[in-house]
Amino acid sequence: MSRGPSLQLDDAGRLRHFLTIDGLSRELLTEILDTSEGFAGVSERTVKKVPLCRGKIVANLFFENSTRTRTTFELAGKRLSADVLNLNITASSTSKGETLLDTLRNLEAMHVDMFVVRHAVSGAAHFIAKHAAPGVGVINAGDGRHAHPTQAMLDMFTIRRHKGEFTGLRVAIIGDILHSRVARSQILALNTLGVSEVRVIAPRTLLPIEARSLGVHIYHDMDEGIRDVDVVIMLRLQKERMQGAMLPSEHEYYRLFGLTEARLAAADSEAIVMHPGPINRGVEMASEVADGSRSVILQQVSYGIAVRMAVISIIIGTQNQQSQDNKG
Amino acid sequence: MQSKSFMNADAVESLVDEMAGKLWSLMNERGIQAPLLVGIRTGGVWLAEMLHQELGLEEPLGTLDISFYRDDFTRIGMNPEVHPSDLPVPVDDRHIVLIDDVLHTGRTMRAALNEIFDYGRPASVILACLVERKGRELPIQPDVVALHKEMKPGEHITLTGPEPLGLVIGTESNRESRNGESGAET
Numbered sequence: 001m002s003r004g005p006s007l008q009l010d011d012a013g014r015l016r017h018f019l020t021i022d023g024l025s026r027e028l029l030t031e032i033l034d035t036s037e038g039f040a041g042v043s044e045r046t047v048k049k050v051p052l053c054r055g056k057i058v059a060n061l062f063f064e065n066s067t068r069t070r071t072t073f074e075l076a077g078k079r080l081s082a083d084v085l086n087l088n089i090t091a092s093s094t095s096k097g098e099t100l101l102d103t104l105r106n107l108e109a110m111h112v113d114m115f116v117v118r119h120a121v122s123g124a125a126h127f128i129a130k131h132a133a134p135g136v137g138v139i140n141a142g143d144g145r146h147a148h149p150t151q152a153m154l155d156m157f158t159i160r161r162h163k164g165e166f167t168g169l170r171v172a173i174i175g176d177i178l179h180s181r182v183a184r185s186q187i188l189a190l191n192t193l194g195v196s197e198v199r200v201i202a203p204r205t206l207l208p209i210e211a212r213s214l215g216v217h218i219y220h221d222m223d224e225g226i227r228d229v230d231v232v233i234m235l236r237l238q239k240e241r242m243q244g245a246m247l248p249s250e251h252e253y254y255r256l257f258g259l260t261e262a263r264l265a266a267a268d269s270e271a272i273v274m275h276p277g278p279i280n281r282g283v284e285m286a287s288e289v290a291d292g293s294r295s296v297i298l299q300q301v302s303y304g305i306a307v308r309m310a311v312i313s314i315i316i317g318t319q320n321q322q323s324q325d326n327k328g
Numbered sequence: 001m002q003s004k005s006f007m008n009a010d011a012v013e014s015l016v017d018e019m020a021g022k023l024w025s026l027m028n029e030r031g032i033q034a035p036l037l038v039g040i041r042t043g044g045v046w047l048a049e050m051l052h053q054e055l056g057l058e059e060p061l062g063t064l065d066i067s068f069y070r071d072d073f074t075r076i077g078m079n080p081e082v083h084p085s086d087l088p089v090p091v092d093d094r095h096i097v098l099i100d101d102v103l104h105t106g107r108t109m110r111a112a113l114n115e116i117f118d119y120g121r122p123a124s125v126i127l128a129c130l131v132e133r134k135g136r137e138l139p140i141q142p143d144v145v146a147l148h149k150e151m152k153p154g155e156h157i158t159l160t161g162p163e164p165l166g167l168v169i170g171t172e173s174n175r176e177s178r179n180g181e182s183g184a185e186t
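Protein chains in written order, with my numbering: chain A, 1 to 328; chain B, 1 to 186.
Cβ-Cβ distance ranges computed for the label pairs, FRET-style:
1. A:His162 x B:Ala123: 36 to 44 Å
2. B:Ile76 x A:Thr167: 28 to 36 Å
3. B:Lys22 x A:Arg26: 42 to 50 Å
4. B:Gly120 x A:Ala266: 45 to 53 Å
5. A:Ser43 x B:Leu26: 29 to 37 Å
Hints were generated in silico from the structure; no laboratory data involved.
The C-beta atom is built at its ideal place from N, Cα and C for all residues, glycine as well.
Given only the sequences and the hints, what does the whole structure look like? Please build it.
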């Protein structure tokens, strides 16, 4: 999708919306990671808050359920001293017949500075960014099967924290690639940041047809694919998005693609294990792996706050500058 | 921005010696024995490291990056080169020496003080600067200064380094360009 870049960058190449990793440079992704590093320390202080976005309003527009993403966005906004509104749209206006644009206009009339959007339809955040008033930034918190760029960035942050440089790394993404906006964003980010090899390991039925064009090596055999990798990223089996017979059974899936200690032994001895959550224990991975010493799954959640603080503040900064430029 | 050298490394080092001497006597006067040195990025950190050595302190020093506390964020956006602040020990009930290269408007110090107080409640804060110049916009004054410098409007004085250290004076033709280590807020 090429509609992202021009929409999400201003003329000076600054991030004004964050909709997709597609089209963003290595420098920009690195800047997000560096800024996140600065925010990571804030969580360890007595006062876990900085005054950067005081007086700004961030609205979480969640058209689809989410606990982790919404909560970490909420905390990120609050730690930046912004006022955060949580709107569970499915339960409010749309059920009364108000259109999406009317909802937006109403929130803009309340002087909201940023929308964080989660939607089941691909392209929803782009649509909102296109129609948002000048000065209002939009962050895509997951749209359909398309993209989940802040998740990808927190995963990149996790990898950099635990592995250092990206160059030279082999990363395997395992599981339900077909339904995963997370996997798409991760693959783009990993390739942009210059890892040596991205592998995807999945059954044929859970791999999109265009997978090969993403610049990855495809494996259908888990034991072969996981060999010597430095990072293992497990994906959630999105049962709610599956219709028909994509899988014989969860048991069968676990037997073929579930991550167990025995399978993990083929990876590099220093390999880390990641998962965007929520985990289906005993379906994608064994509990002993999820809770084991190589798992960084809970660190991912903590880092998610710092990364979202970075993205929110970079965008609010750009939007402020733009309105400043327009004034004079 | 055009810039010319104002002091070389030797001259800067003797200024730092002077700072150390003045700081030492102020600490004696106030009965402070083990202060926590905190340098403000970037120049302040270089100075803090030198003072830390000269004063023979054992405890590690702290570094502050005040990017998240700037009062011009709404005008100029996020500093793309932010580094984590690092205060290695709790600041509660500690005597802190806050160190920066140049004191000008006082806005950096306002930001730094706010940040320190988000870490805890220090017993006291001493402000030590290498260079002080006129132009304060806030009621902030240094406790220790090595050099008072008269500057023309539009001129900036900046510590360069870390190897070798030097002081340069620059004339900014366009005030909107804020890049470079001098920063907009000093």
